[in-house]
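Engineer: Read off the chains here:
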Amino acid sequence: MKLDLSGFESTPSLHGGAVDDVGEDLFSRPSFQLPACSDFDGFQKDAVQMVKPAKGTTTLAFIFKEGVIVAADSRASMGGYISSQSVKKIIEINPYMLGTMAGGAADCQFWHRNLGIKCRLHELANKRRISVTGASKLLANILYSYRGMGLSVGTMIAGWDEKGPGLYYVDSEGGRLKGARFSVGSGSPYAYGVLDSGYRYDMTKEEAAELARRAIYHATFRDGASGGVASVYYVGPDGWTKLSGDDVGELHYKYYPVVPTPIEQEMADAPAA
Amino acid sequence: MALSRNWMYENNGGTCVAIAGSDYCVIAADTRLSVGYSIYTRDYSKICKLADKCVMASSGFQGDLKALQKNLAAKHLIYQHQHSKQMSCPAMAQLLSNTLYYKRFFPYYTFNILGGLDSDGKGCVYTYDAVGSYERVGYSAQGSGAGLIIPVLDNQLKSPSPLLLPAKDAVTPLSEVEAVDLVKDVFASATERDIYTGDKVEIVVINASGIRQELMELRKD
Numbered sequence: 001m002k003l004d005l006s007g008f009e010s011t012p013s014l015h016g017g018a019v020d021d022v023g024e025d026l027f028s029r030p031s032f033q034l035p036a037c038s039d040f041d042g043f044q045k046d047a048v049q050m051v052k053p054a055k056g057t058t059t060l061a062f063i064f065k066e067g068v069i070v071a072a073d074s075r076a077s078m079g080g081y082i083s084s085q086s087v088k089k090i091i092e093i094n095p096y097m098l099g100t101m102a103g104g105a106a107d108c109q110f111w112h113r114n115l116g117i118k119c120r121l122h123e124l125a126n127k128r129r130i131s132v133t134g135a136s137k138l139l140a141n142i143l144y145s146y147r148g149m150g151l152s153v154g155t156m157i158a159g160w161d162e163k164g165p166g167l168y169y170v171d172s173e174g175g176r177l178k179g180a181r182f183s184v185g186s187g188s189p190y191a192y193g194v195l196d197s198g199y200r201y202d203m204t205k206e207e208a209a210e211l212a213r214r215a216i217y218h219a220t221f222r223d224g225a226s227g228g229v230a231s232v233y234y235v236g237p238d239g240w241t242k243l244s245g246d247d248v249g250e251l252h253y254k255y256y257p258v259v260p261t262p263i264e265q266e267m268a269d270a271p272a273a
Numbered sequence: 001m002a003l004s005r006n007w008m009y010e011n012n013g014g015t016c017v018a019i020a021g022s023d024y025c026v027i028a029a030d031t032r033l034s035v036g037y038s039i040y041t042r043d044y045s046k047i048c049k050l051a052d053k054c055v056m057a058s059s060g061f062q063g064d065l066k067a068l069q070k071n072l073a074a075k076h077l078i079y080q081h082q083h084s085k086q087m088s089c090p091a092m093a094q095l096l097s098n099t100l101y102y103k104r105f106f107p108y109y110t111f112n113i114l115g116g117l118d119s120d121g122k123g124c125v126y127t128y129d130a131v132g133s134y135e136r137v138g139y140s141a142q143g144s145g146a147g148l149i150i151p152v153l154d155n156q157l158k159s160p161s162p163l164l165l166p167a168k169d170a171v172t173p174l175s176e177v178e179a180v181d182l183v184k185d186v187f188a189s190a191t192e193r194d195i196y197t198g199d200k201v202e203i204v205v206i207n208a209s210g211i212r213q214e215l216m217e218l219r220k221d
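Residue numbers (full-length UniProt numbering), protein chains in the order written: chain F, 1 to 273; chain X, 1 to 221.
Hints are computed from structural coordinates only; laboratory data are not their basis. Don't take each hint at face value.
[What the hints assert, rightly or not] Capping the alpha-carbon separation at 20 Å, the derived lysine to aspartate or glutamate pairs in EDC-like fashion look like this:
(1) F:LYS163 / F:GLU66
(2) F:LYS205 / F:ASP39
(3) X:LYS168 / F:ASP247
(4) F:LYS45 / X:ASP52
(5) X:LYS168 / F:ASP246
(6) X:LYS200 / X:ASP185
(7) X:LYS158 / F:GLU250
(8) X:LYS158 / F:GLU66
(9) X:LYS168 / F:GLU250
The model shown is predicted, which means the values in this text are computed figures rather than measured ones.
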């Protein structure tokens, strides 16, 4: 019986080791091509400036009495240009685990997809679901092996496994932290302000969702690189569900409705001349 | 800049646009290829047909684009041999994303748009950044004239975000003829104000009956 060492592999495998005669050369695991230049770091710095990969964000997640709440905005910016207002930053790894995207959009999308594949392979090989601890460790090990190469990933893995709710923060420096409350991204300082002051462990699901929504809204209000739609997800014992998706422009007027001054009110009420 | 310090890239300019409708998809790109202030040719196609219902347009460095197109065409051919069918547009979209990401540390300097029909026959447009992050959208523009074109498309075509809950219907209201007219208008406007856009615009329309192509003249100055 061949020992399964795929857990130790850190480079991405496109075909999961499938080998046949025709595919020997074509399907040999693609490796990352590197530029043949003397100054690798300088090249990466220039390439990033030229290519301006999409990034910028606010994401947050916290554990409370009933499970885990995960929330994010939906803006992607390339330099000063808003490349999209409808990016999915909460990535569904499997029906009971979510990952958030902050930093480089391509880096997060690719490595989360890769993590989803690895989690599925783990399920098939071990006949049980992978734990949140295990999934976050897989991702952290991969990112650590690419440390220093310029990846930009700040992600949270949130899920519900046999031990209950789990939340880990993993980043491209190779860091991995277990915790109960995290916010990641350019808008995170603003989100932390609202989140930390309003957090209680024994909130109801609705209160927790509203806290998350407000925290994202306030971050989009003050951070230029965050905006779009505030999505809120809940992870419980039966898996994740999406609780809400609200345009932050509309949330603004919901939280701070415009009250007309008496003069304006009179002018609005007066019949058209 | 091209030859100093081993710098391997060049920006050939140009603009691409794509619009997805309920049963059609319009993809367009200008045909000018420039380096710096010089125009190298007025007749260069930036559009490539990858599959029966899937077309890609890109601006950026055309050398990388040629390599990328060949790469994708080869992978598509292998897929056809193995599965006895063409790749669908969403499948090709993910293949392109992976292909771009595998050059994460030596990027393809191309800004791509993929357009076509999904398996339900609805128009789909996928927009990419240079390292492979992608998203399905209703319309997109990339390239030197994108900043001039996208605000117009936002104004005419913007639909409720797919992330909203409760979900709002997000179908582009335009008919195929209106969409092609809109594309011609935005290219004419972009040509006025962007030096890298002009000469001709190649417009490809994919619908249930197949793919058709037309060329429209633009200002050559």
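Engineer: Which constraints among the numbered hints does this structure fail? Numbers only, ascending.
Structural biologist: Structure breaks hints 2, 4, 8.
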